[in-house]
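Peer 1: Here the protein sequences line up with chains A and B, keeping their order. For the first sequence, the positions run 5 to 372 when the working numbering is used. For the second sequence, the positions run 5 to 372 when the working numbering is used.
Derived from the structure by calculation, the hints contain no laboratory data. Because the structure is a prediction, the values reported are computed rather than measured. We put the beta carbon where it would ideally sit given N, CA and C, even for glycine. Incorrect hints may have been included.
Computed spacing ranges between beta-carbons, pair by pair [to be verified]:
(1) B/213 x A/38: 52 to 60 Å
(2) B/21 x A/319: 54 to 62 Å
(3) A/7 x B/35: 50 to 58 Å
(4) B/266 x A/319: 42 to 50 Å
(5) B/354 x A/38: 25 to 33 Å
(6) A/65 x B/73: 35 to 43 Å
(7) A/348 x B/56: 38 to 46 Å
(8) A/56 x B/52: 51 to 59 Å
(9) A/219 x B/244: 56 to 64 Å
From the structure, some residues in chain B lie toward chain A, with a derived Cβ separation under 8 Å [said to hold, decoys possible]:
(10) 39
(11) 98
(12) 104
(13) 130
(14) 154
(15) 292
Protein chains: 2
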Amino acid sequence: MSSVHRLLLRHPRGETPIFLGAGALRVAGELLADWVRDRTLFVVTTPRVLALHGGALAPCREAAACTVVLEVEEGEAAKTLERAGELWRRMLAAGGRRDSRLVAFGGGSVGDLGGFVAGCFLRGIAVAQLPTTLLAQVDASIGGKTAVDLPAAKNAVGLFHHPELVVGDTSLLATLPAEEVRSGLAEVLKMGVIADPALVGKVEATLERLLAADPQALAPVVLAAAAAKVRLVAADPEERGGDRRLLNFGHTLGHALETAAGYRGLRHGEAVAYGMLFALRLARRRGFDAALAARLAALLSRFGLPPLPPLVADEVLAAVARDKKASEAGPVWILPRALGEAGAVAEVAAAEVAELLAPFLAAPFAAG
Amino acid sequence: MSSVHRLLLRHPRGETPIFLGAGALRVAGELLADWVRDRTLFVVTTPRVLALHGGALAPCREAAACTVVLEVEEGEAAKTLERAGELWRRMLAAGGRRDSRLVAFGGGSVGDLGGFVAGCFLRGIAVAQLPTTLLAQVDASIGGKTAVDLPAAKNAVGLFHHPELVVGDTSLLATLPAEEVRSGLAEVLKMGVIADPALVGKVEATLERLLAADPQALAPVVLAAAAAKVRLVAADPEERGGDRRLLNFGHTLGHALETAAGYRGLRHGEAVAYGMLFALRLARRRGFDAALAARLAALLSRFGLPPLPPLVADEVLAAVARDKKASEAGPVWILPRALGEAGAVAEVAAAEVAELLAPFLAAPFAAG
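Kindly produce the complete structure, drawing on both the sequences and the hints.
Peer 2: Below, the structure written as structure tokens:
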């Protein structure tokens, strides 16, 4: 029996099949090869991913008329307008056409950048997301969000550009650095808290094996988290004020922490973990069960997060105010009401955030 | 009786009302004001348009919470990734949000750039197109195409981002330079040749008055051309191989001429006029009526086009090969079969284009 599962995301532009599990790249190999056959194939990836897993793309490269590998730097550093511009110029010089194909082969940043570059090249070419990190497999690769950063705000420039295909091969996770696994597990836990109580229990019960990237422990957790993401995205594909917003649990402060830290020192998932801890403090003030909040904080304390970098509270607050999810009325906070259930709360005064922020930055794991 | 007409473009993302005619900005003024009410309003425009017609935006500015005017250079020069990046940074610094509004107030380049900037800011904010040139009113503002240029190819980076509203006030055309009127009339004639034989007759009968921007002569011609564009776009909203492609009549060579000339010396419509002349030569070889081709060439000779700049045929050919409408199989040519009827022809050998191009560049109005 194959350990590869197939999900389907329906969205306004069509539907995206999602292959997930150990060996997914092999199982989806023929489909991928057919999709690129006799076309120019652009591969956006990093040197590390290429060195570790480049062989998995051999069937694609053989089917394509020609393959142009576009290597970019790791992580958020690649998500700039300048890098996107460089890739577009190279794609044009290499003879890229409207029916050329682009594959984003890497973590969340490669997926964001690759998706954006595909979405705007000649007004949009087809893209496949081949996520190689836990975070990208359960979250970033699903749902069509693409973006690059501006100095003042993460993901400030981008568009919705749904992939034609997502292939998350969990066997690639074995080579993932421990901090990348931890970062992805934060997004997994997020999915559990907002949409799947059983997933929270699974993370709690197997956290040490998960952190060690144990494939048996990871497989069910990746599948459950991705399935939750698919459900939330399908209900609100372009985040028009519905369920998709719930995925921003932990992200309002998380993004601001990343911005204030200059996108250095904290991985995305680590920032989201701290963001969830802060959101739990706001939630407790609105009636969220104290014991449950303590249980989640205890679970997050077992993640072994790096300490928060030294941050100036006012700079974090300014970044919160600039959050791109904010409406003209101000930022919206996603706060849990119960396990597996959350809501968007617009009525969080800036003064309340300011009051809670400094003590939080000093002692994030303390009872809020 | 109002001389303002209302068209409606249905597309996959909703529908776009289009107000056209003398006084359209006044007629649509309340709708526009409601649309920006209490929000941040970004106005992408040029110093010239602002000086001549800025007053027409007063009701919008009064309704908006605040208005940020983003002035850009005239024409194709504004359509760069660098300019887009600068606007995004300024919008972010000015407190732009997902529910902020952007108005593109100017010609086709302002519309292309403004639409692109709106389409990618925070993954897309709503835009209204307020075209001030003939070309933009009949063509560029309708249909959701947005783009910036790369040095190697025009419109190489962009997306489909349909405006919420288009308001083409033909009374603004009175201040248009003669060469801008001529450029727009080339797109009008294009629409007639591919989709509306009566429009060709109207242009033929009133060309001198049209070139002089006579409002009585322009009104019916603007309306007919815009209506033809709406019909073709509605039938194939994102140019997926259907009728919308016909709008590229004259554009395969036209874009290449612009590119080879470094976007200088030829306005877009003027380049399209030459592109149509060349396409007519290809069409004649495929059975298009010789007398009709001669009639259209004679009509175009009355436009008073500037002479073609000195161009190297090989550079023009290379630009044709890079055309973003091309598939991996090569560029597609739109060729008329009869008046008001055209088709996409993929089987034009590069050798045939090469053979015809040098004599065409030397004597574009000669019988092909």
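Peer 1: Are the hints correct? Go through all of them and say.
Peer 2: A quick look at each hint next to the structure:
The hinted window of 52 to 60 Å between residue 213 of chain B and residue 38 of chain A holds, with their beta carbons roughly 57 Å apart. Evaluation of the 54 to 62 Å hint for residue 21 of chain B and residue 319 of chain A yields a failure: the beta carbon distance comes to about 44 Å. A hinted range of 50 to 58 Å for the beta carbons of residue 7 of chain A and residue 35 of chain B is consistent with their spacing of about 56 Å. Taking 42 to 50 Å as the suggested C-beta distance range, the pair residue 266 of chain B and residue 319 of chain A conforms, at roughly 44 Å.
A hinted range of 25 to 33 Å holds for the C-beta pair residue 354 of chain B and residue 38 of chain A, which are about 28 Å apart. Under the hint 35 to 43 Å, the C-beta atoms of residue 65 of chain A and residue 73 of chain B, about 50 Å apart, miss the expected range. The hinted range of 38 to 46 Å is satisfied by residue 348 of chain A and residue 56 of chain B, whose Cβ atoms lie roughly 44 Å apart. A beta carbon spacing of about 55 Å between residue 56 of chain A and residue 52 of chain B agrees with the range 51 to 59 Å that was offered as a hint.
Distance hint check: the CB atoms of residue 219 of chain A and residue 244 of chain B are about 41 Å apart, inconsistent with the given range 56 to 64 Å. Contact between residue 39 of chain B and chain A, as hinted, is not supported at the beta carbon level, the nearest pair being about 13 Å apart and thus beyond 8 Å. Taking 8 Å as the C-beta contact cut-off toward chain A, the hint placing residue 98 of chain B at the interface is violated, the least distance being around 11 Å. The closest approach between the C-beta of residue 104 of chain B and any C-beta of chain A is roughly 7 Å, which is under the 8 Å cut-off, so the hint is satisfied.
For residue 130 of chain B, the interface hint is violated, since its Cβ never comes within 8 Å of a Cβ in chain A; the closest pair sits about 12 Å apart. This hint holds: residue 154 of chain B has a C-beta 6 Å from the nearest C-beta of chain A, less than the 8 Å allowed. With a cut of 8 Å, the hint placing residue 292 of chain B at the interface with chain A is violated, because the nearest CB-to-CB distance is about 27 Å.
In summary, the numbered hints that this structure violates are 2, 6, 9, 10, 11, 13 and 15.
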